[in-house]
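Please model the entire structure based on the sequences and the hints provided.
Protein sequences, first through last, are from chains A and B. Using the working numbering, you'd call the opening residue of the first sequence number 1 and step up by one each time. Using the working numbering, you'd call the opening residue of the second sequence number 1 and step up by one each time.
Everything labelled a hint here was simulated from the structure, so no lab data went into it. Glycine included, C-beta positions come from ideal geometry on N, C-alpha and C. Heads up, some of the hints might be wrong.
Unchecked claim - To be clear about the criterion: a stretch of chain A counts as covered by chain B if any three or more of its residues have a C-beta under 8 Å from a C-beta of chain B, and this derived list gives those stretches:
1. 136-144
2. 204-216
As the list claims (entries may be wrong) - Subject to a maximum C-alpha distance of 20 Å in a straight line, what follows is the list of computed EDC-like cross-link-like pairs (lysine to aspartate or glutamate):
3. B:Lys312 x B:Glu284
4. B:Lys244 x A:Asp56
5. A:Lys244 x A:Asp204
6. B:Lys244 x B:Asp204
7. B:Lys312 x B:Glu291
8. A:Lys244 x B:Asp56
Number of protein chains: 2
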Amino acid sequence: MIAAAHRPGRETEFPAFGDSEYEARLLRAQRAMRAHRMDALLLTSPANFRYFTGFDSQFWESPTRPWFLIVPAAGRCVAVIPEIGEPVLSGGWIEDLRTWPAPQPADDGISLLANALVPVTGRHRRIGMEMGRESSLRMPLVDFFELRDQLRHIDLVDGSPCIWELRNIKSPAEIAHIRTSCRVVGDAFAALPERARAGQTERDICTGLAIDILGRGAHSVPFLGCGSGPGGYSQAIASPCGRKLVDGDVLVIDVGATTHGYFSDFDRNYGVGRVADEALRAHELVWLATEAGIAAAVPGARASELHEAMMKVLQPAAGRGNNVGRMGHGLGLQLTEPPSNKAGDTSVLLPGMVITIEPSMAYGNGKVMVHEENVVITESGPQLLTRRAPREMPILG
Amino acid sequence: MIAAAHRPGRETEFPAFGDSEYEARLLRAQRAMRAHRMDALLLTSPANFRYFTGFDSQFWESPTRPWFLIVPAAGRCVAVIPEIGEPVLSGGWIEDLRTWPAPQPADDGISLLANALVPVTGRHRRIGMEMGRESSLRMPLVDFFELRDQLRHIDLVDGSPCIWELRNIKSPAEIAHIRTSCRVVGDAFAALPERARAGQTERDICTGLAIDILGRGAHSVPFLGCGSGPGGYSQAIASPCGRKLVDGDVLVIDVGATTHGYFSDFDRNYGVGRVADEALRAHELVWLATEAGIAAAVPGARASELHEAMMKVLQPAAGRGNNVGRMGHGLGLQLTEPPSNKAGDTSVLLPGMVITIEPSMAYGNGKVMVHEENVVITESGPQLLTRRAPREMPILG
Numbered sequence: 001m002i003a004a005a006h007r008p009g010r011e012t013e014f015p016a017f018g019d020s021e022y023e024a025r026l027l028r029a030q031r032a033m034r035a036h037r038m039d040a041l042l043l044t045s046p047a048n049f050r051y052f053t054g055f056d057s058q059f060w061e062s063p064t065r066p067w068f069l070i071v072p073a074a075g076r077c078v079a080v081i082p083e084i085g086e087p088v089l090s091g092g093w094i095e096d097l098r099t100w101p102a103p104q105p106a107d108d109g110i111s112l113l114a115n116a117l118v119p120v121t122g123r124h125r126r127i128g129m130e131m132g133r134e135s136s137l138r139m140p141l142v143d144f145f146e147l148r149d150q151l152r153h154i155d156l157v158d159g160s161p162c163i164w165e166l167r168n169i170k171s172p173a174e175i176a177h178i179r180t181s182c183r184v185v186g187d188a189f190a191a192l193p194e195r196a197r198a199g200q201t202e203r204d205i206c207t208g209l210a211i212d213i214l215g216r217g218a219h220s221v222p223f224l225g226c227g228s229g230p231g232g233y234s235q236a237i238a239s240p241c242g243r244k245l246v247d248g249d250v251l252v253i254d255v256g257a258t259t260h261g262y263f264s265d266f267d268r269n270y271g272v273g274r275v276a277d278e279a280l281r282a283h284e285l286v287w288l289a290t291e292a293g294i295a296a297a298v299p300g301a302r303a304s305e306l307h308e309a310m311m312k313v314l315q316p317a318a319g320r321g322n323n324v325g326r327m328g329h330g331l332g333l334q335l336t337e338p339p340s341n342k343a344g345d346t347s348v349l350l351p352g353m354v355i356t357i358e359p360s361m362a363y364g365n366g367k368v369m370v371h372e373e374n375v376v377i378t379e380s381g382p383q384l385l386t387r388r389a390p391r392e393m394p395i396l397g
Numbered sequence: 001m002i003a004a005a006h007r008p009g010r011e012t013e014f015p016a017f018g019d020s021e022y023e024a025r026l027l028r029a030q031r032a033m034r035a036h037r038m039d040a041l042l043l044t045s046p047a048n049f050r051y052f053t054g055f056d057s058q059f060w061e062s063p064t065r066p067w068f069l070i071v072p073a074a075g076r077c078v079a080v081i082p083e084i085g086e087p088v089l090s091g092g093w094i095e096d097l098r099t100w101p102a103p104q105p106a107d108d109g110i111s112l113l114a115n116a117l118v119p120v121t122g123r124h125r126r127i128g129m130e131m132g133r134e135s136s137l138r139m140p141l142v143d144f145f146e147l148r149d150q151l152r153h154i155d156l157v158d159g160s161p162c163i164w165e166l167r168n169i170k171s172p173a174e175i176a177h178i179r180t181s182c183r184v185v186g187d188a189f190a191a192l193p194e195r196a197r198a199g200q201t202e203r204d205i206c207t208g209l210a211i212d213i214l215g216r217g218a219h220s221v222p223f224l225g226c227g228s229g230p231g232g233y234s235q236a237i238a239s240p241c242g243r244k245l246v247d248g249d250v251l252v253i254d255v256g257a258t259t260h261g262y263f264s265d266f267d268r269n270y271g272v273g274r275v276a277d278e279a280l281r282a283h284e285l286v287w288l289a290t291e292a293g294i295a296a297a298v299p300g301a302r303a304s305e306l307h308e309a310m311m312k313v314l315q316p317a318a319g320r321g322n323n324v325g326r327m328g329h330g331l332g333l334q335l336t337e338p339p340s341n342k343a344g345d346t347s348v349l350l351p352g353m354v355i356t357i358e359p360s361m362a363y364g365n366g367k368v369m370v371h372e373e374n375v376v377i378t379e380s381g382p383q384l385l386t387r388r389a390p391r392e393m394p395i396l397g
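Printed below as a string of structure tokens:
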């Protein structure tokens with residue numbers, strides 16, 4: 001079960017990354033673990049598993065089998081996985097694969113996992129798991145309790161801060177993939193007015209957009225949120241529905257598409273026919289707030305300061321806040337990652353972080369206007385990854 | 001925050017279900033909870049949330065905010081959700097919405113949730129959560145521990161058996177959506193040979209297929225697994241990669257597509273040019289095993305007996321088993337659901353259950369052949385939901 005070769009993933013034409021990328025991630029993780037006094041990270045969730053192994057699969061949709069990855073503070077990773085995964089991961093970056101014939105409800109990998117964890121446990125007797133903010137454990141909780149019982153002398157602790165510390169700083173190769181996702185979705189948004197019309201449903205328009213995005217080279221479109229209504233929409237997170245667009249509507253579409261697993265995440269607003277002035281004004285105001293948010297995204301700034309910069313533009317005219325709870329967030333292998341651009345989030349922006357600038361404003365009778373762009377923080381300031389939305393709301397015919 | 005109307009979801013043209021569907025689910029859940037001696041179910045994961053609320057969104061891709069649904073043993077459901085969700089759920093099936101301004105790391109809904117749980121807790125002092133087989137909790141584990149501390153007099157127990165008992169039996173309306181997903185994907189598979197050719201990559205072909213599936217009316221394609229290789233493939237769960245198809249290859253594509261959230265899940269095999277005899281023979285043998293599996297899917301049969309029926313066909317010729325670990329499973333709001341067609345799974349098939357018949361066989365040098373069809377169990381026997389795969393492997397030009 002030990003694979004000889006050293007190739008991340010099965011990609012023979014356009015590999016997502018070379019081996020050196022995974023080497024660098026492991027070394028950074030091991031440095032971080034020493035600072036957090038942990039002997040290993042034990043990972044179960046798709047994005048963390050992919051981050052260290054390159055495993056590219058949507059098989060996570062099946063909740064039947066847990067998968068485990070041990071990232072030790074010294075030495076190489078150990079994957080403890082269902083047999084079905086062995087041919088995919090073998091020949092890849094992870095050399096030490098241990099498998100069991102899952103599903104096997106009576107012991108779905110837990111004793112195998114416990115045995116693999118004992119030798120990597122060193123002086124700290126602490127293993128970090130996905131327990132904290134913006135994390136969840138992808139394994140049955142009863143199995144977690146069983147694992148804890150079998151490892152009575154080891155503390156299973158919250159490894160989330162350590163994990164996010166690593167993943168927050170993107171390498172140039174990661175940024176390149178996010179940039180590709182942004183370009184593809186931007187091109188599709190720009191082409192949307194050629195196709196979308198009053199009389200079509202939200203679903204018609206969004207399906208057409210998803211098809212266009214895939215046709216332009218994105219690998220998947222895991223998130224597509226849509227809202228529409230006369231003079232504005234009240235939300236932008238629901239799946240597109242059967243509502244037909246009519247004259248006077250505002251339509252918002254928010255897309256998270258991936259290339260090699262890396263997300264873009266931004267939205268665009270469109271009017272239909274004659275749109276109420278207050279919607280047009282809200283669009284321009286939130287556009288200006290976005291400008292302020294982008295300008296504020298310099299290394300050393302805190303996430304809370306980005307929020308402040310955007311609120312300063314919005315407050316005089318609106319000031320009723322929004323229900324989104326923040327004005328942007330990190331992104332990468334997940335649609336949203338820490339930090340949050342909101343009051344109280346003191347995270348410091350560092351070169352290599354990729355974030356969304358996402359101001360929103362309540363107006364009219366229960367309406368909200370949301371804009372979103374993606375930027376990477378560089379030594380010399382913010383660099384826009386998305387093609388900037390137009391200042392005036394584009395109108396569909 | 002109490003919504004007046006009584007409409008599940010925002011769908012104005014083609015609602016997924018009428019109110020009576022949700023009423024029936026709640027009543028069945030309440031009956032099951034009494035049998036399991038639980039005062040409520042506390043749900044956090046997308047499929048369970050959607051099952052009881054109709055909430056149709058891919059916003060689950062964002063790990064930032066937890067969402068909670070309380071299904072009490074008596075009375076109506078209570079949703080404890082981030083503010084951002086309020087405009088989506090209000091006016092829907094759930095009348096009692098309680099919101100907090102998430103994200104709020106110091107207390108992300110936990111005290112609000114604890115307060116909502118106390119009054120629904122009755123004589124059992126037991127609340128069922130997604131703790132067991134084929135389940136995981138979509139909330140930070142540290143928040144689960146905090147909740148447990150705040151509810152010291154209540155037992156948080158494994159509710160998974162109760163949840164699966166409910167979801168396993170599909171209503172006619174649910175089956176209709178699965179049937180639509182099966183038809184759409186079947187049509188797209190049938191049309192694939194018109195487009196796919198040697199020289200194209202796995203990704204080219206699969207992107208074309210996903211686009212075709214969306215164009216034919218599926219709402220999303222969350223799972224697309226692909227494998228290819230000379231004379232056969234070794235796995236069928238990885239995302240399509242940049243490998244170019246050449247003469248002699250066998251290609252498998254396994255698709256999970258949804259309509260109104262309901263999955264189809266089946267694969268198809270294609271040869272490229274002149275394919276090795278052993279692959280053609282394996283295709284026919286696994287096709288025959290599929291016939292046996294379908295025929296065995298009668299009410300009263302056990303999942304293990306379906307496995308036996310398929311193995312009986314495969315064993316004389318192959319008998320080397322497979323690494324899939326089972327030969328089919330339930331499906332519905334998730335790509336895979338219990339039961340598992342495997343030795344030891346004594347689940348009894350009942351009318352309304354939808355399952356996959358998925359035999360597989362190892363052959364040659366590390367190759368595997370996998371077939372899959374979807375059936376619904378009816379009083380009068382198995383009913384095929386997919387258009388049956390051809391007995392002979394179709395060959396791409």
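Right, here's what the structure says about each hint:
no. : hint                : result
1   : 136-144             : holds (count 8)
2   : 204-216             : holds (count 5)
3   : B:Lys312 x B:Glu284 : holds, 15 Å
4   : B:Lys244 x A:Asp56  : holds, 17 Å
5   : A:Lys244 x A:Asp204 : holds, 9 Å
6   : B:Lys244 x B:Asp204 : holds, 9 Å
7   : B:Lys312 x B:Glu291 : holds, 12 Å
8   : A:Lys244 x B:Asp56  : holds, 17 Å
Of the numbered hints listed earlier, not one is contradicted by the structure.
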